[in-house]
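The whole structure should be built from the sequences, with the hints applied where relevant.
There are 2 protein chains.
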Amino acid sequence: MKFRAEIDIMPLEALLDPQGKAVSNNMKNIGLAEISNVRIGKHITLALEAADKATAEAKVKEACEKLLANQIMEYFSFKVEEA
Amino acid sequence: MKFRAEIDIMPLEALLDPQGKAVSNNMKNIGLAEISNVRIGKHITLALEAADKATAEAKVKEACEKLLANQIMEYFSFKVEEA
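Protein chains in written order, with the working numbering: chain S, 86 to 168; chain G, 86 to 168.
Don't take every hint at face value.
Which copy is meant is left open, because identical chains are indistinguishable; a pair holds if it fits in one copy or across any two.
Straight-line Cα separation of at most 16 Å, EDC-like style, residue types lysine to aspartate or glutamate; simulated pairs [what the hints assert, rightly or not]:
id	residue 1	residue 2
1	K87	D137
2	K138	E150
3	K127	E91
4	K164	D137
5	K113	E150
6	K164	E91
7	K87	E98
8	K138	E119
9	K87	E119
10	K151	E119
11	K138	E167
12	K113	E134
13	K113	E147
14	K164	E134
15	K113	E91
By construction, these hints were calculated from the structure, which means they are not laboratory data.
What you are looking at is a predicted structure, and each value in this text was computed from that prediction instead of being measured.
Right, here's the structure in full:
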């Protein structure tokens, strides 16, 4: 079966996010002072083949842990759907 | 009212995504050859103040168009929830 995964990888809440901070500070310059606390991470989509949804989820988790996320600085969440 | 937005900004399907391609090619080296078609974009979270949900959505759309996304190369989607 074919599955499709959507993964979000974000900087840990405890860590500064300088890129997000810079964007937050610039919102007022474009007239959007209502916006605050911008945090910027990665969004990753991928396709995979697996026997069932549980296997697909295990594979995606493994990919996040081994390659996609740096768990010292980031946390990840994902959802897997049949394609 | 306070709202929270989650924004995904992805490279357009028609464009090459060299970073995603590199990750796809490396999946087999970590024993995950089932994974293909990796595409990497940005995930952005932010907080905002607005009178109602429709206004909040309009502000987030404006932020995406003016600052966060480069619509020549990227498309965005978002959802806004009451915080």
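Okay, the hints, checked on the actual structure:
Taking identical chains as interchangeable, the C-alpha atoms of K87 and D137 lie at most 16 Å apart only when both belong to the same chain, with a minimum of 9 Å there against 40 Å between chains. With identical chains, the CA atoms of K138 and E150 are never at most 16 Å apart, being 18 Å at best within one copy and 36 Å at best between copies. For the homomeric pair K127 and E91, the shortest alpha-carbon distances inside one copy (11 Å) and between copies (12 Å) are both at most 16 Å. Taking CA atoms no more than 16 Å apart as the test, K164 paired with D137 passes inside one copy only; the shortest distance there is 14 Å, against 29 Å between copies.
Proximity of K113 and E150 under a CA criterion of 16 Å is satisfied inter-copy only: 15 Å between copies versus 37 Å inside one chain copy. In this assembly of identical chains, the alpha carbons of K164 and E91 lie at most 16 Å apart whether taken from the same copy (5 Å) or from different copies (15 Å). With identical chains, the CA atoms of K87 and E98 are never at most 16 Å apart, being 34 Å at best within one copy and 19 Å at best between copies. For a Cα distance limit of 16 Å, the shortest separation of K138 from E119 across copies, 13 Å, qualifies, whereas the shortest one inside one copy, 41 Å, does not.
In this assembly of identical chains, K87 and E119 lie within 16 Å of each other by CA distance solely across copies; the values are 10 Å between and 42 Å within a copy. In this assembly of identical chains, the alpha carbons of K151 and E119 lie at most 16 Å apart only when taken from different copies (15 Å versus 38 Å within one copy). In the homo-oligomer, the alpha carbons of K138 and E167 lie at most 16 Å apart inside one protomer (8 Å), although the nearest pairing across protomers, at 31 Å, exceeds that limit. In this assembly of identical chains, K113 and E134 lie within 16 Å of each other by CA distance solely across copies; the values are 13 Å between and 45 Å within a copy.
Taking the shortest alpha-carbon separations for K113 and E147, only the inter-copy value of 12 Å comes in at or below 16 Å, while the best intra-copy value is 40 Å. Taking the closest pair of Cα atoms, K164 and E134 come within 16 Å of each other only inside a single copy of the chain (15 Å); across copies the shortest separation is 29 Å, beyond that limit. In this assembly of identical chains, the alpha carbons of K113 and E91 never lie at most 16 Å apart, being 31 Å within a copy and 19 Å across copies at closest.
Of the numbered hints given earlier, the model fails hints 2, 7 and 15; all others are met.
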